[in-house]
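Under the numbering used here, read the sequence shown as residues 20 to 267, first letter to last.
Please keep in mind that the hints were generated in silico from the structure rather than gathered at the bench. Certain hints may be false.
Said to hold, decoys possible - Under the rule of at most 20 Å between Cα atoms (straight-line distance), these lysine to aspartate or glutamate pairs were calculated in the EDC-like manner:
1) K28 - E186
2) K135 - E104
3) K40 - D120
4) K93 - D120
5) K135 - E237
6) K28 - E159
7) K74 - E159
8) K244 - E263
9) K135 - E250
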Amino acid sequence: MGRAFEFRKARKMKRWSAMSKAFTRIGKDIVMAVKEGGPDPGSNARLRAVMQNAKSVNMPKANVERAIKKASEKGQGDYKIVLFEGYAQHGIAVLVETATDNNTRTVANVRSYFNKTDGSLGTSGSVVFMFDHTCNFKIEDKDFDLEELELELIDFGVDEIFADTDEDENGEEQKCVMIYAPFESFGDIQSYLEANNIEIISSGFDRIPQVTKKITPEQAEDVEKLLEKLEEDDDVQNVYHTMEESAE
Numbered sequence: 020m021g022r023a024f025e026f027r028k029a030r031k032m033k034r035w036s037a038m039s040k041a042f043t044r045i046g047k048d049i050v051m052a053v054k055e056g057g058p059d060p061g062s063n064a065r066l067r068a069v070m071q072n073a074k075s076v077n078m079p080k081a082n083v084e085r086a087i088k089k090a091s092e093k094g095q096g097d098y099k100i101v102l103f104e105g106y107a108q109h110g111i112a113v114l115v116e117t118a119t120d121n122n123t124r125t126v127a128n129v130r131s132y133f134n135k136t137d138g139s140l141g142t143s144g145s146v147v148f149m150f151d152h153t154c155n156f157k158i159e160d161k162d163f164d165l166e167e168l169e170l171e172l173i174d175f176g177v178d179e180i181f182a183d184t185d186e187d188e189n190g191e192e193q194k195c196v197m198i199y200a201p202f203e204s205f206g207d208i209q210s211y212l213e214a215n216n217i218e219i220i221s222s223g224f225d226r227i228p229q230v231t232k233k234i235t236p237e238q239a240e241d242v243e244k245l246l247e248k249l250e251e252d253d254d255v256q257n258v259y260h261t262m263e264e265s266a267e
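Using the sequences and the hints, build the whole thing.
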């Protein structure tokens, strides 16, 4: 098992546990997908992926359809992905991914969170190089031969494939398979899985730290103060950091 496995194990019980936050994030993803490729999921691969993610967190179908319709209206503004980079206390690098329709507001808010927790907001490029930009797919486990599946996907640059467990939409534990690959491989892997009728439960993107830093529990509490403030902000989609996390 490699870094992607450890990264997922540490994060999956901690981040995006609040359903309302997940719905807000997916709503923005729908707007961006529709603006980019139109409202028809049949011809918009990005929108299909977002709809799969909506289903995985039990977002009602009516909410999804309403979001697609609203995104198609002329008066609906667009969201832009903006990255913020900086340091929390104790030398922990933090990378913040936002989706915003008002960059001035978002910049002011993110800067205030760093300042209030004795962190420092950095310049573009100051920490992003410490993270590998990856894509991921969670697929239904049909008793795949993982070595054979990895051979099928190796031409797409797949870094890691491993069996895992997660909760289904009814809260029951289900077996699944996780696939991690470079960011640029997303479209090719999505096409392969769809062409081979392999059910995609969810998909997305991650920034996996190349190296993590171990700090004391007391120091971790200082860092968590910043992470919590960031994750509570509606403009923030994801927060990544180099603090070593426990998977317990």
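Between K28 and E159, does the CA-CA distance stay at or below 20 Å? holds, 18 Å
Keeping to a limit of 20 Å between CA atoms, is the pair of K40 and D120 held or broken? holds, 17 Å
When you check the alpha-carbon spacing of K244 and E263, does it fall within 20 Å? Holds, at about 16 Å.
For a C-alpha distance cap of 20 Å, please report whether K135 and E237 respect it. Holds, at roughly 18 Å.
Given the hinted pair K74 and E159, is their Cα-Cα distance within 20 Å? holds, 14 Å
Holds or violated: K135 with E250, Cα cutoff 20 Å? The hint holds at about 15 Å.
Given pair status - E186, K28, alpha carbons within 20 Å: Answer holds: K28 to E186 is near 14 Å, not above 20 Å.
Hinted pair K135 and E104, Cα distance within 20 Å: holds, 16 Å
Given pair status - D120, K93, alpha carbons within 20 Å: holds, 15 Å
Taken one by one, the earlier hints all hold for this structure without exception.
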